[in-house]
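*Asks:* Single-letter residue listing:
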Amino acid sequence: MSIILERLTKWFGRQLVVDRVSLEVSDGELFVLLGSSGSGKSTILRQIAGLSQPDDGRILLHGRDVTHLPPQQRGAGFVFQNYSIFRHMNVADNIEFGLKIRRFPPAARARKRDELLDLVGLAGLGERFAGQLSGGQQQRVALARALAYEPAVLLLDEPFGALDVKIRAQLRRTLKQIQRQLKVTTILVTHDQEEAFELGDRIGVLERGQLLEVGPPEILYARPRTSYVATFLGAGMVLVGRQENGRALFGDLDLPLPDGVLREDGGRVQILFRPEQVVVGEDQPPENAITIGRGEVVDQAFTGASRRLRLRLPPLQRVRQIAPIPPFGEGGLLVDALIPAGLPVTTRSLWVSLTGWHLLQPPAFQLLVYAAADGRFALPPLAGFLAERLQASLTVLGVKRDSAAIEAARRALEEGLAASGARAELRMRQGEPLDQIQAELAGTLYDLLLLPVDAEPAGGSGKNWPGSLVGSILENMNGRWTTPVLITRGQIGSIKRILICTAGGEPGKSDVRVGGRLAWRFGAAVTLLYVAAPADGELSPTARVHLERAARMLRGLDIPCEVAVRSAPSPREGIIHAAAAGDYDLIVLGSHGPQFRSIFGWDDITYQVVSSVTRPVLIVPFDPI
Amino acid sequence: MNFQPAAPRARPRYRPMRTFVPVSTLLLVLLPLLLLPLAAVFVFAFRGGLAAFWAALTAPDAQFALRFSLLIAMVTAVINAVLGTYTAYILSKYRFPGEQAVGIVVNLPVAIPTVVVGTSLLLLWGPIGLLGRWLDPFGLQPMFSPIGVLLAHLFVTFPYMLGTIKPLLDELETTYEEAAYTIGATRWQTFRYILLPALRGGLFTGALLTFAHSLGEFGATVLVSGNLRLRTQTAPLYIFSQFEAGNLATANAIAAVLAVVSFLIFFFLLRYTNGRKGS
Amino acid sequence: MTRRGLIGRRVSQVTAVMLITGVGLYAIWPWLPFSRAAAPPRTIIFYGFSILEEVMNQGVFPAFQEEWRARTGERVEFVSSFAGSGTITNQIIMGVPADLALLSLELDAYRLSEAGVVREASWRRFPDGGVVNRTPFIILVRPGNPREIDDFAALTRPGIGIVHPDPLTSGGANWAIMAEYGAGMRGDPERPGAGRDLLLGIWKNVVAQASSARSARTQFENGFGDALITYEQEVLRDRERGRLQGEIVYPKRTIFSEHTLVVIDRNIDPVEQELIDAFVQFLWSEPAQRLFVSYGFRSVDEKLNAENSFFGWIQDPFTISDFGGWPRAKKEIIDGVWKNQILQELNR
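Residue numbers (the numbering used here), protein chains in the order written: chain E, 1 to 625; chain Y, 1 to 279; chain L, 1 to 348.
Derived from the structure by calculation, the hints contain no laboratory data. By construction, the Cβ of each residue, glycine as well, lies at the ideal position given by its N, Cα and C atoms. Hints are not guaranteed to be accurate.
[As the list claims (entries may be wrong)] Rough simulated footprint, nothing fancy, chain Y against chain L, three-plus residues with beta-carbon under 8 Å:
1) 20-29
2) 216-222
[As the list claims (entries may be wrong)] Simulated DEER-style distance windows between Cβ atoms:
3) E:P105 x Y:R187: 20 to 30 Å
4) Y:F20 x L:L19: 35 to 45 Å
5) L:R10 x Y:P137: 51 to 61 Å
6) Y:P137 x E:P105: 53 to 63 Å
7) Y:R187 x E:A123: 30 to 40 Å
8) L:R9 x E:A408: 52 to 62 Å
9) Y:T58 x E:R103: 49 to 59 Å
10) L:L343 x E:E407: 55 to 65 Å
11) Y:R200 x E:A408: 42 to 52 Å
12) Y:P137 x L:L343: 36 to 46 Å
The whole structure should be built from the sequences, with the hints applied where relevant.
*Replies:* The following block contains the structure:
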């Protein structure tokens, strides 16, 4: 191995720019680090060269630990985006500089210099100065200069970034040729995926300091694991659907789950398909392909060899599109297709089918923590627990009504986060808390909203809550609200026993499913509670069937589960007593849709429970299906 | 070959009709402000005729004052070139607490009246000064000696070198240094072979500016030198004492020489900077 | 870069190097070992008040150098500095390495002893109480005396502009105040406050203050004011040569300034003591006193004063001892009257 990086970590102030990056690059390999700006790719390269010190981790070059060596002793050749040709030296002196420093005799220097000038295609230009060379020529000089002293590794930081397209292509070929010829281990940093595909033996994709995936270009393109890599490398459609019984469901599309995808009933799955995997037909669905529907052509572009169509399809049930991002407020699916350029498109409406697809790894559990951002902030212990057990990515949302207070609030939150040691992304929004929470939920697919509540439960009917944020969220949890809300109070930092309440009705599907999923992840025991009115006497047969089905579903996931029936004058009292008796760490309630309010009249159980117990309460929105 | 010369800066063409009014206005303003006073120096210098001018110039006191001034100016320029470059390098390349304070302090000499500089040097290094009183018993006497004059000039002209070098260093992209480091050059080699050549123009300009200001320094020098003829009397001090003594012609003869020297310095300065812009 | 550009660059580089080397050589020449005189001369560092410059540099120093060489064969070098008496006093207090100082008024000598630079009244050990020479204070007016100024009293007329040295830095200015005050007092001995009135009248007309008597003179010659109050000596030399641009008006009553020699013993290298003593002695010798007279100073030896036919006659001359000596005059008149009364009144 020429280059080994071990858990390389770098903070810029409070921002983590390189996040435990480990990587091995073999001898003679041309490795491309690909990432958008700010992904930390240049920082990694600079750390390998010794121009920046990692906060943690090790760097080995040819088996030698160079982590704490100055750049001079690492023997890395570095090429900068801005060429950095020494302006007061001519080309020859620039190339010979490294040899001069190393006290090579003049004859050897001249030989090496001529060899390199030939190699980079600048023979005869040794007397020129930087000002007399084009950008491409300057970069060739920089390359020759970095190669002159036969470096252990060659590092290129966006070497073609400042050049125009044509010269860029030329230089790429030169670089690849030289690299093959000299067999020098090379890392090239770029944000250009085309460049990465063309040059890289292997590609590593970086996002926010994390090395997401590493692999040969073909594999990364065809079978990425994450949606980020799927969309960063080439165009493609990514849809989020749902697992059920070992199958992946996207509307009517029912696909087998491939091996290696984490099986979790009710969990999310993501599907990727590329425009070249999309076929269209005018009158009937294309054969030998899976049809996803009929779509309307909204846009088309001529790209030379082919024509790119953009079609809008009607929305699929319980499917959300991640890429391309549909315009805000519009339903429907956007699908790009590539068809031969010569093929005329006569109708506005076409059948859309897939010839191939790829299922991505389920996305990480996304946890959103709302921070009231008043004064000092401390991350609730439960958030840490969830993040750890669910391997969730944590986002903290701070909202301020007053734009002037945002900066101060952000600092307070940053300090609080730094003190808790948790790794979380911080988002600040300005406006009404409820609106901003909703906007945030609409923008990103969160699995759970954690709502810490400071106030002690008020007790009683709970009617004194509506003014608060919790009250207004509960009022809005119908229809389009799909994210479960976990209301937490106090210091509970782990969950061992879960109470799923089915007060007076049949257990909803979603509350059992979500509660069960969490119990599975936490290794917690579940009690299914049914509260019956004293007058009811016997359990109704339907209720019994529902309870049994729910219990079976949970036991199927190997979750210890029991059923408890309790009679109480009101569901609220039944739930509160049961919660107190069983010492549960989490109470799961289904939020019933508005239509239930009129029928049963005690829709405000949620209010009442939330306002009466000190334990965390998870409210699962009503699932329309 | 893709040879792109730097685009020459577009300068408007000379148009006599349009130029006349603004240019003559400028000359009219400059006449009483700059041109006439300069001319007066020369008129008075030569009023007694060339022989008198020559006699004034070759008087031993005058010769001493001129040589002494030039020598001090040269030594000042050399020392401050080194010191100023070093300061600029440290301020530009290192981050440390109190950096801003240092940045302000080193630029202060331009803002302080030179007389105050002289006084404070006296109060520090003079025989009854804070430090001077400890040196006095050993027979060390920095004030009222050429060393004192040099100290004052170093102090007063310090910002000029710094002021020309630091912006250059700040603007020079760090990748040049980093390239040198990765190639294997030590910090010193990088400074010697990469930074210094890039600063050459600034060094030249800064040294000339320092030289010119040192040549004309009066306020601090008059206090710390003791104004001893043939010992510490610089050309401006000589001019002033001749003026005070009523020997206007002698004063103006030396003043004329200083004016010519300054003119030459700035002539070279302008030519050099223009030349660099052109290439 | 074109060939011509390269050559041009090389040429200008060579020129610049040659120019710098040339200037450098010129500047450093006197300090180069081979250009120095064989034996280092013995040195006297002399500080004098402004009007002394000519007589010392051209007369007294060369005469002493001559005498000393004749006596011992050694070369004596004089390093000198001339400025207002107050200025050089301050410089000496700050520590300039002066061996001797010839001050325009004894008051500055007292300041030196107060600052601990010399022992109190150490100058009194010399002949004439340390006074080397004298000169009366006179009025210099424009040629033809267009404003018809005949005495100090005439200077109080409205509309007359007077150039006066600054009493804070100039010894001559202090003398001038004493002359003005004394003239008023002695002109009307019966009336108390006559001196003060004349002083006030004159100072109301002061249009320019210069740091020394010399610079006051330069200002006057550059066209400032109608009258200048200054040392007789200051203008006498020019009148001798017919170069004086103005006329001397001798007041009926005026003061004779007395110039005091101070030896700063602590600055004197014991090896040089003999030389300094010889020079001090020389200052009161007849050749030196003659030189003073020929340069317009009045000698302490009255009989020599007849040798200068340009000296004017003063009806009622007086000296500082008529006011009880400088310390008292300073307290009662300079501070008590001029500073505390006249200046206050003028500032009002």
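*Asks:* 55 to 65 Å was suggested as the range; check whether the CB atoms of L:L343 and E:E407 agree with it.
*Replies:* 59 Å, holds
*Asks:* If I claimed the Cβ atoms of Y:P137 and E:P105 lie 53 to 63 Å apart, would that claim hold in this structure?
*Replies:* With a Cβ separation near 59 Å, Y:P137 and E:P105 satisfy 53 to 63 Å, so the hint holds.
*Asks:* Using C-beta distances, would you say chain Y covers the region 20-29 of chain L, given that this needs three or more residues below 8 Å?
*Replies:* holds (count 6)
*Asks:* Falls inside 51 to 61 Å, the C-beta gap from L:R10 to Y:P137?
*Replies:* 55 Å, holds
*Asks:* Could you check the hint for me, namely that Y:P137 and L:L343 are 36 to 46 Å apart, CB to CB?
*Replies:* Given range 36 to 46 Å: holds, Cβ gap about 42 Å.
*Asks:* Taking the beta carbons of L:R9 and E:A408, is their distance inside 52 to 62 Å?
*Replies:* At roughly 59 Å between Cβ atoms, E:A408 and L:R9 fall inside 52 to 62 Å, so the hint holds.
*Asks:* Taking the CB of Y:R200 and the CB of E:A408, does the distance hold inside 42 to 52 Å?
*Replies:* With a Cβ separation near 49 Å, Y:R200 and E:A408 satisfy 42 to 52 Å, so the hint holds.
*Asks:* Does the Cβ pair Y:T58, E:R103 satisfy 49 to 59 Å?
*Replies:* Between Y:T58 and E:R103, where Cβ atoms are some 55 Å apart, the hint holds.
*Asks:* Can you let me know if the beta-carbon spacing of Y:R187 and E:A123 is within 30 to 40 Å?
*Replies:* Given a distance of about 34 Å, which is inside 30 to 40 Å, the answer is holds.
*Asks:* Taking 35 to 45 Å as the hint, is the beta-carbon distance of Y:F20 and L:L19 inside that range?
*Replies:* The hinted range 35 to 45 Å holds for Y:F20 and L:L19, with Cβ atoms some 37 Å apart.
*Asks:* Closer than 8 Å Cβ to Cβ for three or more residues is the test here. Does the region 216-222 of chain L pass it with chain Y?
*Replies:* n = 3 at 8 Å, threshold three: holds.
*Asks:* Given the hint of 20 to 30 Å, is the C-beta distance from E:P105 to Y:R187 inside that range or not?
*Replies:* Taking Cβ atoms as reference, E:P105 and Y:R187 lie about 25 Å apart, which means the hint holds.
Checked against the numbered hints given earlier, the structure satisfies every one of them.
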